[in-house]
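*Asks:* All chains should be built: construct the whole structure from the sequences, respecting the hints.
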Amino acid sequence: MKARIFVTLKGGVLDPQGKAIHHALDGLGFSGVNDVRAGKLIELDLADGTSDDDIDAMCRKLLANTVIENYRIEKVA
Amino acid sequence: MKSAVIVFPGSNCDRDLAVAFEAVSGEKPVMVWHRDIELPEGIDLIGVPGGFSYGDYLRSGAMAARSPVMQAVAKAAERGTYVLGICNGFQVLTESGLLPGALLRNAGGHFVCRDASLTVENAQSAFTSRYAAGEQVTFPVAHHDGNYFADSATLDRLEGEGRVALRYADSINGSARNIAGILNEAGNVLGMMPHPERVIEPAHGKTDGRRLFEGLVEGLLANA
Chain Z
295 MKARIFVTLK GGVLDPQGKA IHHALDGLGF SGVNDVRAGK LIELDLADGT SDDDIDAMCR
355 KLLANTVIEN YRIEKVA
Chain B
443 MKSAVIVFPG SNCDRDLAVA FEAVSGEKPV MVWHRDIELP EGIDLIGVPG GFSYGDYLRS
503 GAMAARSPVM QAVAKAAERG TYVLGICNGF QVLTESGLLP GALLRNAGGH FVCRDASLTV
563 ENAQSAFTSR YAAGEQVTFP VAHHDGNYFA DSATLDRLEG EGRVALRYAD SINGSARNIA
623 GILNEAGNVL GMMPHPERVI EPAHGKTDGR RLFEGLVEGL LANA
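The listed protein sequences correspond, in order, to chains Z and B. Per this note's numbering, the first sequence runs over residues 295 to 371. Per this note's numbering, the second sequence runs over residues 443 to 666.
Simulated from the structure, these hints should not be mistaken for lab results.
Distance ranges between label pairs, derived from CB positions:
id: 1; chain 1: Z; residue 1: 330; chain 2: B; residue 2: 499; range: 21 to 27 Å
id: 2; chain 1: Z; residue 1: 311; chain 2: B; residue 2: 644; range: 39 to 45 Å
id: 3; chain 1: Z; residue 1: 366; chain 2: B; residue 2: 598; range: 27 to 33 Å
All C-beta atoms, glycine included, are put in the ideal place defined by N, C-alpha and C.
*Replies:* Now the structure itself:
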């Protein structure tokens, strides 16, 4: 079983990396970009039967810092 | 007085911090490896040093905060042992929940390496007792993730309770309210981005940092 964890900065938390990417896109001539936010994708290969609670706990205890980040879990068959 | 310095893979200010502890106390600190599950008996002061623990993987300080030794540090902090986290050590303390908030990438996106003017906001703490309130000091900073962030309720609480120990005189990294160092509620844990251990003897060019260590040791010896 696989799970993909998307970790993103909360709204209102400054994202200098996203800003730099935005700037670079502008520099390449892509003028229609309103905003860029960069995040992380973490792929977990899990033992079958790993509970949703355990995956959520992994996110809360380590994979995301919930002071500044949100996370979304996507289970892949 | 017994002190300890925690060493993670990737720490690089551990020896500087040990030199500072020894310079003011006359006793060599115990260097404690990140995989140790216990601290030596009778430790009064723990240093969490700067560096790039675990290569800053995932988030700065995130892996170190979950290492075995940090559980022992958290228990010691709970008992009132003094804990000083500098630079990466501050990041480790916020990641481990011993201090509120988080340290984000610097607002300008650049690694900032320079001398920084700081204002001592709270001169009552065990860490700052040898400074005057409002005094300006200069410590070096060298970090990429020093942009202190907390929600406004937490910031108000920190300010109201006198837990902002040090503030940058100018915005150098985007930190909320120019915060450079904060205390925990009990006042026995200080996290700060600037490096006092790099300015403790004349050969360093400045000695502004020495009083932080002297004040700490003086207080510990007085209470011993």
